[in-house]
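**Student:** What follows is the residue order along each chain.
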Amino acid sequence: MLTLKCPCCGVMTDETELHAEGEAHLKRFGPGSSDEDFTGYLFQRENPKGIHFERWRHAYGCGKYFHAARCTVTLEVFGTYPAQTLEPPQEIKDAISAKRPGWSWREMSN
Amino acid sequence: MSHRLPQGGRLIDRRKPRTFRFNNRAMRGMKGDTLASALLASDQMLVGRSFKYHRPRGIVASGAEEPNALVNLGTGDRFEPNQRATTTELFDGLVAKSQNHFPSLDFDIGVVNDALSKFLSAGFYYKMFIHPRPFWKHVYEPFIRQSAGLGKAPDAEARDVDTYEHMYAHVDVLVVGGGVAGLQEARAAGEAGKEVLLIEQTAHWGGRAPVDGGSVGGGPVDKWVDETVAALAEMPNVRMRLRMMGAGVYDHSYALGYERVSDHQPGNDAPRHRLWRIRATEIVTATGAIERPLSFAGNDIPGVMLASAVRDYVVNYGVTPGRRVAIATNNDDAYRTALALADAGVGVPVIVDARSEGGPLAEAARDRGIRVEFGMGVGRLLGGKRVTGVGICRMDSDGSALHEIACDAVAMSGGWSPVVHLWSHCGGKLNWNETRAHFAPDPARAPTGADGQAFVRAAGAASGALTLPEILDGAEDWEEAPLSPVWQMPAQAEKALQGKSWLDFQNDVKVSDVRLAAREGYESVEHTKRYTTLGMATDQGKLSNINGLAVLADALHKDIPAVGTTTFRPPYTPISMGAIAGEARGALFQPIRRTPMHDWHDAHGADWEPVGAWRRPYAFVQNGEDVHDAVMREVTNTRQNLGLLDASTLGKLIVKGPDAGRFLDMMYTNMMSTLKPGRCRYGLMCSENGFLIDDGVVARIDDETFLCHTTTGGADRIHGHMEDWLQCEWWDWKVWVVNATEQFAQVGVVGPNARKVLEKLGGMEVSADALPFMAWADGEIGGFRARVYRISFSGELSYEIAVDAGQGQAFWDALMEAGEEFGVMPYGTEALHIMRAEKGFIMIGDETDGTVIPQDLGLNWAISKKKEDYLGKRAQERDHMTDPDRWQLVGLETLDGSVLPDGAYAVEAGWNDNDQRRVQGRVTSTYHSPTLGRGIAMGLVRHGPDRMGEVLDFPVPGGTTVRAKIVDPVFYDREGEKQNV
Numbered sequence: 001m002l003t004l005k006c007p008c009c010g011v012m013t014d015e016t017e018l019h020a021e022g023e024a025h026l027k028r029f030g031p032g033s034s035d036e037d038f039t040g041y042l043f044q045r046e047n048p049k050g051i052h053f054e055r056w057r058h059a060y061g062c063g064k065y066f067h068a069a070r071c072t073v074t075l076e077v078f079g080t081y082p083a084q085t086l087e088p089p090q091e092i093k094d095a096i097s098a099k100r101p102g103w104s105w106r107e108m109s110n
Numbered sequence: 001m002s003h004r005l006p007q008g009g010r011l012i013d014r015r016k017p018r019t020f021r022f023n024n025r026a027m028r029g030m031k032g033d034t035l036a037s038a039l040l041a042s043d044q045m046l047v048g049r050s051f052k053y054h055r056p057r058g059i060v061a062s063g064a065e066e067p068n069a070l071v072n073l074g075t076g077d078r079f080e081p082n083q084r085a086t087t088t089e090l091f092d093g094l095v096a097k098s099q100n101h102f103p104s105l106d107f108d109i110g111v112v113n114d115a116l117s118k119f120l121s122a123g124f125y126y127k128m129f130i131h132p133r134p135f136w137k138h139v140y141e142p143f144i145r146q147s148a149g150l151g152k153a154p155d156a157e158a159r160d161v162d163t164y165e166h167m168y169a170h171v172d173v174l175v176v177g178g179g180v181a182g183l184q185e186a187r188a189a190g191e192a193g194k195e196v197l198l199i200e201q202t203a204h205w206g207g208r209a210p211v212d213g214g215s216v217g218g219g220p221v222d223k224w225v226d227e228t229v230a231a232l233a234e235m236p237n238v239r240m241r242l243r244m245m246g247a248g249v250y251d252h253s254y255a256l257g258y259e260r261v262s263d264h265q266p267g268n269d270a271p272r273h274r275l276w277r278i279r280a281t282e283i284v285t286a287t288g289a290i291e292r293p294l295s296f297a298g299n300d301i302p303g304v305m306l307a308s309a310v311r312d313y314v315v316n317y318g319v320t321p322g323r324r325v326a327i328a329t330n331n332d333d334a335y336r337t338a339l340a341l342a343d344a345g346v347g348v349p350v351i352v353d354a355r356s357e358g359g360p361l362a363e364a365a366r367d368r369g370i371r372v373e374f375g376m377g378v379g380r381l382l383g384g385k386r387v388t389g390v391g392i393c394r395m396d397s398d399g400s401a402l403h404e405i406a407c408d409a410v411a412m413s414g415g416w417s418p419v420v421h422l423w424s425h426c427g428g429k430l431n432w433n434e435t436r437a438h439f440a441p442d443p444a445r446a447p448t449g450a451d452g453q454a455f456v457r458a459a460g461a462a463s464g465a466l467t468l469p470e471i472l473d474g475a476e477d478w479e480e481a482p483l484s485p486v487w488q489m490p491a492q493a494e495k496a497l498q499g500k501s502w503l504d505f506q507n508d509v510k511v512s513d514v515r516l517a518a519r520e521g522y523e524s525v526e527h528t529k530r531y532t533t534l535g536m537a538t539d540q541g542k543l544s545n546i547n548g549l550a551v552l553a554d555a556l557h558k559d560i561p562a563v564g565t566t567t568f569r570p571p572y573t574p575i576s577m578g579a580i581a582g583e584a585r586g587a588l589f590q591p592i593r594r595t596p597m598h599d600w601h602d603a604h605g606a607d608w609e610p611v612g613a614w615r616r617p618y619a620f621v622q623n624g625e626d627v628h629d630a631v632m633r634e635v636t637n638t639r640q641n642l643g644l645l646d647a648s649t650l651g652k653l654i655v656k657g658p659d660a661g662r663f664l665d666m667m668y669t670n671m672m673s674t675l676k677p678g679r680c681r682y683g684l685m686c687s688e689n690g691f692l693i694d695d696g697v698v699a700r701i702d703d704e705t706f707l708c709h710t711t712t713g714g715a716d717r718i719h720g721h722m723e724d725w726l727q728c729e730w731w732d733w734k735v736w737v738v739n740a741t742e743q744f745a746q747v748g749v750v751g752p753n754a755r756k757v758l759e760k761l762g763g764m765e766v767s768a769d770a771l772p773f774m775a776w777a778d779g780e781i782g783g784f785r786a787r788v789y790r791i792s793f794s795g796e797l798s799y800e801i802a803v804d805a806g807q808g809q810a811f812w813d814a815l816m817e818a819g820e821e822f823g824v825m826p827y828g829t830e831a832l833h834i835m836r837a838e839k840g841f842i843m844i845g846d847e848t849d850g851t852v853i854p855q856d857l858g859l860n861w862a863i864s865k866k867k868e869d870y871l872g873k874r875a876q877e878r879d880h881m882t883d884p885d886r887w888q889l890v891g892l893e894t895l896d897g898s899v900l901p902d903g904a905y906a907v908e909a910g911w912n913d914n915d916q917r918r919v920q921g922r923v924t925s926t927y928h929s930p931t932l933g934r935g936i937a938m939g940l941v942r943h944g945p946d947r948m949g950e951v952l953d954f955p956v957p958g959g960t961t962v963r964a965k966i967v968d969p970v971f972y973d974r975e976g977e978k979q980n981v
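As you go down the protein sequences, you meet chains X and A in turn. The first sequence begins at 1 in the UniProt record's numbering and counts up one residue at a time. The second sequence begins at 1 in the UniProt record's numbering and counts up one residue at a time.
Hints may be right or wrong, so weigh each one.
[As the list claims (entries may be wrong)] Cβ-to-Cβ under 10 Å is the rule here; a few derived chain X residues that face chain A:
| # | residue |
| --- | --- |
| 1 | M1 |
| 2 | H19 |
| 3 | E21 |
| 4 | R28 |
| 5 | F29 |
| 6 | P31 |
| 7 | S33 |
| 8 | E36 |
| 9 | G40 |
| 10 | Y41 |
| 11 | Q44 |
| 12 | R57 |
| 13 | A59 |
| 14 | K64 |
| 15 | L75 |
| 16 | A83 |
[Stated by the list, open to error] In silico DSS-like cross-links for lysine-lysine, where the CA-CA straight-line distance does not exceed 27 Å:
| # | chain 1 | residue 1 | chain 2 | residue 2 |
| --- | --- | --- | --- | --- |
| 17 | X | K27 | A | K734 |
| 18 | X | K93 | X | K27 |
| 19 | A | K656 | A | K865 |
| 20 | A | K495 | A | K52 |
| 21 | A | K495 | A | K760 |
| 22 | X | K64 | A | K656 |
| 23 | X | K93 | X | K5 |
| 24 | X | K27 | X | K49 |
| 25 | X | K49 | X | K99 |
| 26 | A | K16 | X | K27 |
| 27 | A | K152 | A | K97 |
| 28 | A | K97 | A | K52 |
| 29 | A | K429 | A | K676 |
| 30 | A | K31 | A | K16 |
| 31 | A | K558 | A | K734 |
| 32 | X | K5 | X | K99 |
| 33 | X | K27 | A | K867 |
| 34 | X | K5 | A | K194 |
| 35 | A | K52 | X | K99 |
| 36 | A | K385 | A | K152 |
| 37 | X | K93 | X | K64 |
| 38 | A | K676 | A | K873 |
| 39 | A | K866 | X | K27 |
Keep in mind that the hints were calculated from the coordinates and are not lab data. All residues carry an ideal CB built from backbone N, CA and C; glycine is no exception.
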């Protein structure tokens, strides 16, 4: 059972307090978008063995959504950060680079 | 015969006898006994029959690893199968019965399987029972179910009368295992000022050390144990729990503890079990080691035990399994058993040692006059229901030349395997130790936590440190000579002997089965496990796994580490369902949400229906009628007079802010930003995938404030949905959402007399001019602060009135009293459903199922054509969503007036690829309408709206077909004259 730090409350939370909300940093495509872009937005998801960026909600706490960067193999957590951003903050990327040099995720890489 | 020795037994109190019953026979034990030691003291070595061959089986071990001595324990509401006699502490009045025998333990008819064992080898189910096909269901399966299996299922009517609870602990260090290593670890952590939880699965501290002996700092190890326990008890930062097992280790250093609080004193006030949910910074597994059996022919005959278990029974309980106990070993440790037996005055006719020489322990045994045979093995054991002798042979022979020695018990030792289960649960890796022939934790590959650092550490025997001096500073014990790995005894045992050499006692898997699996191509240890069922019983192969995979490795000509182990999964030993459930049973299973008028409903005949976590009255049943009658009466009365509906459960989300209108334009398919304050609009919500997820009436309170009604079950979900988009996509929009569902009690005042009762109560103007259809207003009614919505889900003149939740009951009472002269009656959810279906209104969850878009339901009028965007709009433009062949909403009228079954399919000519009838539609809602006096239904039908008047066939259970005509879904008051008055 994972523990993640809620960046809003600042507390370490058990997974039972949280709700997993899928992949982070999706770019929305609406009316007028191509079938390919829309399909990618709605259905195509990363399924990495390693570094991943996810959405979580502190559902039984403050109710805020946040993002977590973690390793899907070892479950190591590199950090959590508020959801109001288009990409991970530099310190999160640095934290990953320090432990997993050469990492990549979507178009991001070290 | 097994019996109680005249003296000895460090754990028993001979002055305190305990009586119990085994297979209806009264027996006596002593305080401190386990059920197993008490059975042995009463010469009850035979305790069960084996799973497959129904062979007689006796007690093998003295702890959690016991494979055979499983009993049906207790009676009635406290009955529980598959309880290990070795971990069951004896108490007065204990009742136990042996398992898996018919008609009796001593004479079991199923033993015929043993004679047929040649035909019941690994995989026999797959090979034997394939043909003829119908035989599986009618002949083979019933037979197998009757003859296989262990414990009896509890009576279907029995209810667990004990209580259980969950506990939570957050500690710096969790130490699992209260042997010398665990005690030492706890003391070190405690002295360092850390919060420590030390748990031990048995009722005693010290583990094996007090039995195995040795000294620390010149004093006996028991003294060290007592002193350390006393020191720990003085530390306020150290908690110690006996009878608590480390059940599992999970991600991010989470662990489960299973505390058997009162199994040993049933019926007291304490809960029976506790499940501890522990989060520890560090977990130390000091879980000890388990002795391995030796694989020789007849090693399952009652009277054969692990050497360490024999020692335990002699030293701890003053019980010996026999008068003449032969010993078979490949290591020095078993000699401790010989010495313990000799000390207790029990005869040891021979020690058969597979090695060519032993160490000082062997010398000591010889000095005591015990016959030691090096380079020898057990070729075959003599006896049926009890050991009568041992046939010994040269270790490197095929076992044909035997020399027989009489004995009535055999103590065997094949070496020790560290208990690596908890280490492995969360990914800890193992190394093969060639010298000691066991897998031990590799500290370099420990389970890692959220910070990427190791969070589990193995200590003591669980780490592979098997001797006392390796574990405790200043400890001294016998010097031990190395063991010699023995996976089959004798080394070249002929085939017939392999077929009687058991690996897994509980699941009846033999050396020959594993070799057969290897010959048949099962190279992976995981596949062999499943094919042979090795290690798949309730003991999860605690005794058998290493021996089994060593035999597999040999058969595959591979190294043991190349074959590897199967996966260790929690729990370590089975834990009770009660402990898992904890307090969550009966009324406490799930919190129930109640409206302010809940108790009134309950007192007035409410037939409750769960809706989400809420309870809503399905109908209010009066004397002399059944539920169906009540529903019919409620519909008719509401349509003719006046009905009250408790609508408090409807979701009420307040959406406020300068961008609230813009936001709701994205949330709903309709245009909400153009709604005027004081007006209401019915809205549809779709997921980004285009599918309808919720509906409800939106009221605009003021320029910046909307109140969105959701479905009863949807309030929390839709609130989360709104938050998601506000927090994660449009976080720069100025909107705030509050879930105010429980702040209001809401009452639907419905029917031709609705306005009359409100006017009688007096207060705000509710006339058609002042408050027209789809308007709302704040005011006072009968002295209650109220918000009144002129909306209708029934097709009648209807007001939904929200008052402060605390006033809900008083307001309801006022309506009931004032409504008496107008024929007021409360109505429930079923009447609500029927009335909305009569009007052709859709219901989320009936007409929708996650694959339905608003366009399927004739709701195009509620989809804005002007908006550039809303959630789901892009998805609804996809080919599949605009396909004219999508099933569309229609009404369905049975030709004979009957009620169509819910979910019934309309068939068409032909068959699909799965040999099923082709279908062209299905029923989504179906009721008997008292208003129309006939069955009415709604359904989705291909090209439905273009096929009015066509008759469809609906096959129904029982082989008949109901015919129904496609009609308009609005059955009642098509022009809406009744609601708009």
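**Student:** Take the hints in turn and mark each one as holding or not.
**Tutor:** Results of checking the hints against the structure:
Taking 10 Å as the C-beta contact cut-off toward chain A, the hint placing X/M1 at the interface holds, the least distance being around 5 Å. This hint holds: X/H19 has a C-beta 8 Å from the nearest C-beta of chain A, less than the 10 Å allowed. With a least beta-carbon distance of about 7 Å to chain A, the hint placing X/E21 at the interface is held under the 10 Å criterion. The criterion of a C-beta within 10 Å of any C-beta in chain A is met by X/R28, whose closest approach is roughly 6 Å, and the hint holds.
For the restraint placing X/F29 at the interface with chain A, the shortest Cβ-Cβ distance is roughly 7 Å, inside the 10 Å limit, so the hint holds. About 5 Å separates the beta-carbon of X/P31 from the nearest beta-carbon of chain A, less than 10 Å, and the hint is met. Taking 10 Å as the C-beta cut-off, the interface hint given for X/S33 holds, the closest approach to chain A being about 6 Å. For X/E36, the interface hint is violated, the least distance from its beta-carbon to any beta-carbon of chain A being 12 Å, above 10 Å.
At about 12 Å, the closest approach between the beta carbon of X/G40 and any beta carbon in chain A exceeds 10 Å, and the interface hint on this residue is violated. Annotation: interface hint on X/Y41 holds; nearest CB of chain A at approximately 8 Å, less than 10 Å. Interface hint status for X/Q44: violated, as the beta-carbon distance to the closest one in chain A is roughly 14 Å, over 10 Å. Contact between X/R57 and chain A, as hinted, is supported at the beta carbon level, the nearest pair being about 7 Å apart and thus within 10 Å.
Hint status for X/A59: holds, given a least beta-carbon distance of 7 Å to chain A, under 10 Å. Restraint check, X/K64 versus chain A: the minimum CB separation of about 7 Å is within 10 Å; hint holds. Annotation: interface hint on X/L75 holds; nearest CB of chain A at approximately 5 Å, less than 10 Å. For X/A83, the suggested interface contact is upheld, since its CB lies about 5 Å from the closest CB of chain A, less than 10 Å.
At most 27 Å may separate the alpha-carbon atoms for a hinted pair to count; X/K27 and A/K734 meet this at roughly 21 Å. Between the alpha carbons of X/K93 and X/K27 the distance comes to roughly 19 Å, so the proposed pair stays at or under 27 Å and holds. Of the pairs offered as hints, the one joining A/K656 and A/K865 holds, with about 25 Å between alpha carbons and a cut-off of 27 Å not exceeded. Taking the CA atoms of A/K495 and A/K52, the gap is near 20 Å; set against the 27 Å cutoff, the hint holds.
With a CA separation close to 98 Å, the supplied pair A/K495 and A/K760 exceeds the 27 Å bound. A C-alpha spacing of about 18 Å is found between X/K64 and A/K656, which places the hinted pair at or below 27 Å, so the restraint holds. A distance of roughly 17 Å separates the Cα atoms of X/K93 and X/K5; the hinted pair therefore holds under the 27 Å criterion. A threshold of 27 Å between alpha carbons decides the hint, and for X/K27 with X/K49 the separation of about 22 Å falls inside it, so the pair holds.
Note on X/K49 and X/K99: the hinted pairing holds, with a Cα-Cα distance of about 15 Å set against a maximum of 27 Å. Among the hinted pairs, A/K16 with X/K27 is inconsistent with the structure: their alpha-carbon atoms are about 75 Å apart, more than 27 Å. Taking the CA atoms of A/K152 and A/K97, the gap is about 10 Å. The hint holds against a cut of 27 Å. For a cut-off of 27 Å, the pair hint linking A/K97 to A/K52 stands: about 19 Å separates their Cα positions.
Restraint check: the Cα-Cα separation between A/K429 and A/K676 comes to about 67 Å, which exceeds 27 Å; the hinted pair is violated. For the hint linking A/K31 to A/K16, the alpha-carbon distance of about 6 Å falls within 27 Å, and the restraint holds. Annotation: proposed proximity of A/K558 to A/K734 is violated, straight-line Cα distance about 68 Å (limit 27 Å). With a CA separation close to 19 Å, the supplied pair X/K5 and X/K99 stays within the 27 Å bound.
The straight-line distance between the Cα atoms of X/K27 and A/K867 is roughly 21 Å, inside the 27 Å bound, and the hint therefore holds. Of the pairs offered as hints, the one joining X/K5 and A/K194 holds, with about 23 Å between alpha carbons and a cut-off of 27 Å not exceeded. With a CA separation close to 52 Å, the supplied pair A/K52 and X/K99 exceeds the 27 Å bound. Distance restraint check for A/K385 and A/K152: the Cα-Cα separation of roughly 23 Å lies within the 27 Å cut-off, and the hinted pair is therefore satisfied.
Annotation: proposed proximity of X/K93 to X/K64 holds, straight-line Cα distance about 22 Å (limit 27 Å). Straight-line distance between C-alpha atoms of A/K676 and A/K873 comes to about 24 Å, which keeps the hinted pair within the 27 Å bound. This hinted pair checks out: A/K866 and X/K27 have alpha carbons roughly 24 Å apart, not beyond 27 Å.
Hint compliance for this structure: hints 8, 9, 11, 21, 26, 29, 31 and 35 are broken, all remaining hints hold.
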